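Top line first, the protein sequences correspond to chains A and B.
Here the working numbering is used: the first residue of the first sequence is 1, the next is one more, and so on.
Here the working numbering is used: the first residue of the second sequence is 1001, the next is one more, and so on.
Do not take every clue at face value.
[Unchecked claim] Below, computed lysine-lysine pairings styled on DSSO-like, alpha-carbon distance capped at 30 Å: (1) B:1320 <-> B:1036; (2) A:180 <-> A:197; (3) A:256 <-> A:210; (4) A:197 <-> A:256; (5) A:93 <-> A:158; (6) A:121 <-> A:93; (7) A:168 <-> A:180; (8) B:1401 <-> A:93; (9) A:121 <-> B:1377; (10) B:1156 <-> A:121; (11) B:1425 <-> A:121; (12) A:197 <-> B:1425; (13) A:121 <-> A:158; (14) A:256 <-> A:168; (15) A:93 <-> B:1377; (16) A:197 <-> A:210; (17) B:1036 <-> B:1160; (18) B:1401 <-> B:1434; (19) B:1425 <-> A:158; (20) A:180 <-> A:158; (21) B:1401 <-> B:1425; (22) B:1156 <-> A:93; (23) B:1156 <-> B:1342; (24) A:121 <-> A:197; (25) B:1377 <-> B:1425; (26) B:1036 <-> B:1163; (27) A:121 <-> B:1401.
[Claimed, not checked] Simulated restraints on C-beta separations: (28) B:1150 <-> A:68: 53 to 59 Å; (29) A:30 <-> B:1091: 44 to 50 Å; (30) B:1062 <-> A:69: 33 to 39 Å.
Calculated from the structure, these hints are not laboratory results.
Source: prediction; values computed, not measured.
Using N, Cα and C, we set each Cβ at its ideal position, and we do this for glycine too.
Single-letter residue listing:
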Amino acid sequence: MADENPFPGENNTGHFWDDNIRELKNPPPRWWMIAFWLSIAWWVLYGLLYPMWPAPPWETDKTDQEFTKGVLDWTSIKEFEQGMAQVDAVRAKYEDRIAQMSAEEILADPGLLQYTLASSKVVFGDYCAACHGSGGQGNPGYPVLADNAWLWGGSLGKIAETITGGRKGNMIAHQNILSKQEVDTLAQFAVDLSEGKEGSPEGWNLFNTKGCSGCHGPQANGTLGTLPNGDPITVGAANLTDTLWRFRPGGFESAKHTILYGVNQSGVEQTRNAVMPRFGGAGSAEGRLDEQQIKKLAIYVHELGGGQ
Amino acid sequence: MTDPTSSAPVVDGLDDLYAESEHWQVNDGGETIHAKRLPGRWRRIKWWAASVWLIFFLGPYVRWNGGQAVLFDIPNRQYHLFGATVLPQDFWMLSLLLLFFAILLAVATALAGRVYCGFFCFQTVWTDIFTLIEEWLEGNPRERRLLERAPWTPRKLGIKSVKHLLWMLIGFATGWSFVAWFYGVFPLWRDFFTAQANGAVYAFVALFTVGTYVLAGWLREQVCFWLCPYARIQGVMLDRTTLVPAYDLLRGEPRGRLHKGADARSDAGLDAGAQKQGDCIDCNQCVAVCPTGIDIRAGQQEGCITCALCIDACDQVMDKVNRPRGLIRYASLDEIEGRGAKALLKRVRVWVYFAILALSLVGIVYGFSTLTNIELKVLHERSPLFVQLSDGSIQNKYTLKVLNKANDDLTAEVAVRADVPIEVKGIEHRLRIKHGEVTPMIVFVRIEPEHLTGETIPIFFSARATLANGTEATAERESAFFAERR
Chain A
1 MADENPFPGE NNTGHFWDDN IRELKNPPPR WWMIAFWLSI AWWVLYGLLY
51 PMWPAPPWET DKTDQEFTKG VLDWTSIKEF EQGMAQVDAV RAKYEDRIAQ
101 MSAEEILADP GLLQYTLASS KVVFGDYCAA CHGSGGQGNP GYPVLADNAW
151 LWGGSLGKIA ETITGGRKGN MIAHQNILSK QEVDTLAQFA VDLSEGKEGS
201 PEGWNLFNTK GCSGCHGPQA NGTLGTLPNG DPITVGAANL TDTLWRFRPG
251 GFESAKHTIL YGVNQSGVEQ TRNAVMPRFG GAGSAEGRLD EQQIKKLAIY
301 VHELGGGQ
Chain B
1001 MTDPTSSAPV VDGLDDLYAE SEHWQVNDGG ETIHAKRLPG RWRRIKWWAA
1051 SVWLIFFLGP YVRWNGGQAV LFDIPNRQYH LFGATVLPQD FWMLSLLLLF
1101 FAILLAVATA LAGRVYCGFF CFQTVWTDIF TLIEEWLEGN PRERRLLERA
1151 PWTPRKLGIK SVKHLLWMLI GFATGWSFVA WFYGVFPLWR DFFTAQANGA
1201 VYAFVALFTV GTYVLAGWLR EQVCFWLCPY ARIQGVMLDR TTLVPAYDLL
1251 RGEPRGRLHK GADARSDAGL DAGAQKQGDC IDCNQCVAVC PTGIDIRAGQ
1301 QEGCITCALC IDACDQVMDK VNRPRGLIRY ASLDEIEGRG AKALLKRVRV
1351 WVYFAILALS LVGIVYGFST LTNIELKVLH ERSPLFVQLS DGSIQNKYTL
1401 KVLNKANDDL TAEVAVRADV PIEVKGIEHR LRIKHGEVTP MIVFVRIEPE
1451 HLTGETIPIF FSARATLANG TEATAERESA FFAERR
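Same shape as in the complex, but just chain A (with noise of 0.2 Å):
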């Protein structure tokens, strides 16, 4: 730096490097600066309009808001909120006529049902898939849903009942009560069924001493009668004379199994589970869905496939 100044007059910080190269005082151009005073006033607005600034500790001690309230009054959860009471209001005229409506109804109904049929997913996904699969095909232990075998009827109003209360088989373990010629007897029989020939005779006598028609029905079809509404009277028993099989995979060795350990017996090691949860009912643990949702999955699994 010289101490002279050796450019005097002109518009300079008086620093010199090499004789002649020198800072100069120019302004910023007019636009940058009227940019620059802009931003901060933007700044400031933007602070006043909206939270920005940390919350003072006692304000924080009382309504744990971290930030100060802007004068608009605006919060991230509350637009939430309103985003939410919008999609709300737009799903209301369909969820109303939904809630008006038997199941029946808003199945005739295609704008209705196709609705129903997309709001449904996502709440089959959350409660169903896990064990029944992403489109209802079932996984080993649990049942296919897009098939048109039910156990416990496959109409609207008995997938709704099923989906509410839940089911839980039973069928008594045979391992001390059958001998083993007797077991294979049965779980030819069954096997001899599925595959649609007529069973042996000892398979019959069998099936028609031991028990098993009380639960199974005298055709061995699972069903015990049919009442007046043509829904089926079964106590969740397997059909026999169909090619699909309850416990996967079928064949000989699984209905042995079945039959030795039978469905959901308490102390029996290897006993069958099969329980389906109650999802309805108010006040219950496992009531997790209301009327409304129930009707709406009654539907949506009614249309998977299978539905009576």
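Dock chain B against the given chain A, drawing on the hints supplied.
Relative to the frame of chain A, chain B by itself:
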């Protein structure tokens, strides 16, 4: 120097010629360019080219079947083009259209430089109109510069106010016309002034009004220099064979002033000391008329929008001084340097460009000729891919989406066909579809195990509907039926 008093000028108005060119500088954006207006051949061509934009203003008034011929109905997501309705589903055609125009821009640039910039670009055209108004009100460039420097008097204030008002009006007309393409011009007339149009309409009109006013009125050539991305793209697409307004430096140099009293046709017009003078008399008229304020004699450059106004100016001067025209002319670099022009059809680029142009055009024509009134989509359910039913048959689930592109609501009937016997559930009822909407339906197909010939079986869906005018619209889709591996 020749004695100025010696004789009468050979060239009429030679003094004026030079006087007018006294003011010029290399344009660096610091000063408003006031270009001189001259009539001429290219000027005329420019007007014809610019008049294409009349479509922009008048297009919305063209009627077709009782509606606006071309209406981009964004709220309802449908685009009406002379009776054809294009829905977002047909947007692949738009990409072809964009491709077509992009390549058109490329091919035009490769052949004739930035002709788009010089003749069709809205910035050029609007600036041209704006400066025309300026010339009417404020006079020629010299008078305009004087007025700019003059103190504010009521007269100056009046002139300027009228000018800016007219500019604003043109900006408003621009915004108005733009919105009319989307809103419908008659509804716009009705709603706009009765304050019934929605905020977006007012916002867009305001945006275009201000945008036009600022861009064409104030920024002018600055847009071409600093803002426009196409200027950059087009600028680098030129090559040696591209035709651009070019200064024939072999003929023009060394340039020098033509002196009063000298015979322009003889060598007596030479500057003292110069051996041989080129045809350029250094009158700077080419610079004076340039809307971007550049000197074309410095060669092809960023600021040149190839509007060819310098050619007009130079030709007029050449006529005055009795030299052949074409000192500045549309020519390629090869031509200027005496290498000769390469035939158009021998250039690979041209062939590639035209091939793409042709392909996109074919695609658009195909698209429009096959626009159907209904469209069918088939989505095969993937989870599960198939389900075995209690009787052993296999069931597949399909979601059909039927789109109604007709102008009325339709009732569609769906049919399913396969080479093996099938049982179909879900197509019993007819499907009502509002116009412009998609209605889904779920269809189950069942096949008995003995008919399952393989893991997948082709299966055909079709939707049929009768339009209001009695014609039948059909749409078909092929899908597959899935079964277990056996």
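Take the C-alpha atoms of residue 256 of chain A and residue 168 of chain A, compute the straight-line distance between them, and say whether it is at most 30 Å.
-> At roughly 21 Å apart (the allowed maximum being 30 Å), residue 168 of chain A and residue 256 of chain A satisfy the hint.
Residue 1062 of chain B and residue 69 of chain A, beta-carbon distance inside 33 to 39 Å?
-> violated, 56 Å
Check the following: the C-beta atoms of residue 1150 of chain B and residue 68 of chain A are separated by a distance inside 53 to 59 Å.
-> holds, 55 Å
Given the hint that residue 1036 of chain B pairs with residue 1163 of chain B, test it: the Cα-Cα distance must not exceed 30 Å.
-> Holds. Residue 1036 of chain B to residue 1163 of chain B sits at ~18 Å (cutoff 30 Å).
Given the hint that residue 1156 of chain B pairs with residue 1342 of chain B, does the C-alpha gap stay at or below 30 Å?
-> Violated, at about 54 Å.
Is the straight-line distance between the alpha-carbon of residue 1425 of chain B and that of residue 121 of chain A 30 Å or less?
-> Between residue 1425 of chain B and residue 121 of chain A the Cα gap is close to 21 Å, so the pair holds against 30 Å.
Is residue 256 of chain A close enough to residue 210 of chain A, meaning Cα to Cα at most 30 Å?
-> holds, 15 Å
Proposed proximity, residue 1401 of chain B with residue 121 of chain A (alpha carbon, max 30 Å) | holds, 18 Å
Pairwise hint evaluation, residue 1425 of chain B against residue 1401 of chain B, where the allowed Cα distance is 30 Å at most | With Cα atoms ~16 Å apart, residue 1401 of chain B and residue 1425 of chain B stay inside 30 Å; holds.
Does the alpha-carbon distance linking residue 1401 of chain B and residue 93 of chain A stay inside the 30 Å limit?
-> Holds: residue 1401 of chain B and residue 93 of chain A sit about 24 Å apart, inside 30 Å.
30 Å Cα cutoff - pair residue 180 of chain A, residue 197 of chain A | Distance ~23 Å between residue 180 of chain A and residue 197 of chain A Cα, so the pair holds.
Below or equal to 30 Å on CA atoms is what counts here, so check residue 121 of chain A against residue 197 of chain A.
-> violated, 40 Å
Violated hints, in rising order: 10, 20, 22, 23, 24 and 30; the structure is consistent with all others.
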